[in-house]
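Asks: One-letter residues, chain by chain:
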Amino acid sequence: MLSKRLIACLDVRDGKLAKSVKFVDTKDIGDPVEKARAYYLDGLDELVFYDITASSDKRNIMLDVVEAVAEQVFIPLSVGGGVRSVADATDLRLAGAEKINVNSAAVRRPALIAECAEAVGNQNIVLSMDIRRVTPTSELPSGYEVVIEGGRRPMGMDALAWALEGERLGAGELVINSIDADGTRDGYELDLTALLAEAVRVPVIASGGAGKPEHLYDALTTGKADAALVASMVHYGDYTVSELKRYLDGRGVKMRMSW
Amino acid sequence: MSYSRVSKLSLVVIIDYDAGNLRSVQRACNEVGIAAEISADADRVREAERVIFPGVGAAGAAMRSLQKNGLDEALHEVLADGKPVLGICLGLQISFDRSEENDQETLGLLPGCVKRFEFQRRDLKIPHMGWNEVRVIRPHPMLAGIEPGDEFYFVHAFYPSPALADNVFAVTDYESEFASAVGKDNYFATQFHPEKSGRVGLRLLEQFACWDGTC
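Protein chains in written order, with this note's numbering: chain Z, 1 to 259; chain C, 260 to 474.
Simulated from the structure, these hints should not be mistaken for lab results.
Even for Gly, the Cβ is constructed at its ideal location relative to N, Cα and C.
A hint or two may mislead.
Claimed, not checked - Label-pair ranges, simulated between beta-carbon atoms:
1. Arg-152(Z) - Asp-302(C): 53 to 63 Å
2. Met-155(Z) - Leu-270(C): 29 to 39 Å
3. Gly-404(C) - Asp-238(Z): 31 to 41 Å
4. Arg-375(C) - Leu-164(Z): 18 to 28 Å
5. Lys-327(C) - Asp-14(Z): 17 to 27 Å
6. Pro-407(C) - Gly-143(Z): 42 to 52 Å
7. Gln-379(C) - Glu-214(Z): 23 to 33 Å
8. Gly-367(C) - Gly-143(Z): 24 to 34 Å
9. Asp-444(C) - Ala-199(Z): 45 to 55 Å
10. Ala-119(Z) - Gln-326(C): 15 to 25 Å
11. Arg-108(Z) - Glu-377(C): 31 to 41 Å
12. Leu-164(Z) - Glu-377(C): 17 to 27 Å
13. Asp-191(Z) - Asn-289(C): 39 to 49 Å
Said to hold, decoys possible - Where chain Z lies over chain C, by a calculated footprint (3+ residues, C-beta under 8 Å):
14. 282 to 296
15. 377 to 384
16. 388 to 398
17. 454 to 467
Work out the full structure: start from the sequences and follow the hints.
Replies: So this is what it looks like as structure tokens:
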């Protein structure tokens, strides 16, 4: 039986680890390579690196970080943030990323998903979606809207329609990141995660809002997610990766328990 | 079943046929002390003492790429010489006679075919992506040390359907059981990715450096 996955997300800015609260006021909290290695040894199932470097000329730093991590961490690595072209995707793959996350650039130009899927394989293209709750309208019938630029710009696109379109264009997996829940530690947006997870055939990762172990349990059961993504919970040392996995296993969620 | 320690310094070649990211396999080999070389040169493959045949992507394109560089023939020769060969993921899939993917005739190293996952249940996601248990059903030196509950990382939408039960060494459950490790004589292949499967995966790669090609 396939296990549910625990994924840790490391936001990296200028080669350093950062953590945002509601996508603003990021602060540095350490060396990403060191953290990645520690989580790997503690049983993490997958790692995501998100490059939040503001200036595009600093991209090479990110490639170095990915390369350094890939030499020490032997679980799937997923990388995103500022992927705008097939060349960006293939550079990251060569540096050692297994999966490539596309986000804002794909919203602006959806063909990017198909192009990247063609270049690196569907299963390696992850559509990362930043989503906020809205009052349902005829344009936004699901009551969830796609936003970009780290949550600052609403796009007038329905999140459910975008998830289905992303899958059709070849995305092999979806990250469902709730802007409303992000950084709050009050729990994932379960209605949103379940809505999208039931609509698509590809795996879905719940993101944004994890603060307590029961939030992960909820995302993987009620929220129908295949994987739960955590950040602050483990970065600040409140919980360890193995502790979270033992908790989930104890509550009957199928997890990988030997590593 | 014999198991002799062979020098890790012998030439190990990872076959490069434009099918996915081979450097992750190379990095994992490096971690366990195997200095593996990535090569698309059929002669270099023939010179190798051990060959790793990885791959991610589609069966049709992979076969064309292999044939273009004469790598299919080199692989057949290496196997005929009795040298150990390790197939991974797409490498395993194109070892069979035929794949439903692109309705492609493949290498025919093992009898059987490769089929697409098809489920009625919508909660079973395709691809089969993530960690799953690999249950050894027939001892093999390459699978030594795997304990019940040990999981490996999988990413695939097609699965092998071997014609001969004797070629199946481990199985994995996804709705129903499929063959996750297969082999014959000096050929051994996994549907999962040892290079992305943490400690248990690294150990499997390390065992490849020591495997004498018998089972």
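Asks: So, for every hint listed, does it hold in this structure?
Replies: Going through the hints against the structure:
Against the hinted window of 53 to 63 Å, the Cβ-Cβ separation of Arg-152(Z) and Asp-302(C) comes to about 56 Å, which satisfies the hint. For Met-155(Z) and Leu-270(C), the Cβ-Cβ distance of about 53 Å falls outside the hinted range of 29 to 39 Å, so the restraint is violated. In this structure, Gly-404(C) and Asp-238(Z) meet the distance hint of 31 to 41 Å, their C-beta atoms being roughly 35 Å apart. In this structure the hint that Arg-375(C) and Leu-164(Z) lie 18 to 28 Å apart at CB holds, the actual value being about 21 Å.
In this structure the hint that Lys-327(C) and Asp-14(Z) lie 17 to 27 Å apart at CB is violated, the actual value being about 43 Å. Checked against the given bound of 42 to 52 Å, the beta carbons of Pro-407(C) and Gly-143(Z), roughly 45 Å apart, stay inside it. The hinted range of 23 to 33 Å is satisfied by Gln-379(C) and Glu-214(Z), whose Cβ atoms lie roughly 32 Å apart. A hinted range of 24 to 34 Å for the beta carbons of Gly-367(C) and Gly-143(Z) is inconsistent with their spacing of about 54 Å.
A hinted range of 45 to 55 Å holds for the C-beta pair Asp-444(C) and Ala-199(Z), which are about 47 Å apart. Take Ala-119(Z) and Gln-326(C): their Cβ atoms lie about 22 Å apart, and the range 15 to 25 Å holds. The hinted range of 31 to 41 Å is satisfied by Arg-108(Z) and Glu-377(C), whose Cβ atoms lie roughly 35 Å apart. Roughly 20 Å separates the CB atoms of Leu-164(Z) and Glu-377(C), a value that falls within the hinted 17 to 27 Å.
Restraint check, Asp-191(Z) to Asn-289(C): a C-beta distance of roughly 46 Å satisfies the suggested window 39 to 49 Å. Evaluation of the coverage hint for the segment 282 to 296 of chain C: fulfilled, as 6 residues show C-beta separations to chain Z shorter than 8 Å, against a requirement of three. Here's how the segment 377 to 384 of chain C fares: 3 of its residues keep a CB closer than 8 Å to some CB of chain Z, so the rule of at least three is met and the hint holds. Coverage of the segment 388 to 398 of chain C by chain Z holds [criterion: at least 3 residues with CB-CB distance below 8 Å; count 5].
A stretch counts as covered by a chain when three or more of its residues have a beta carbon under 8 Å from one of that chain; for the segment 454 to 467 of chain C and chain Z the count is 8, and the coverage holds.
Consistency note: the structure conflicts with the earlier hints numbered 2, 5, 8.
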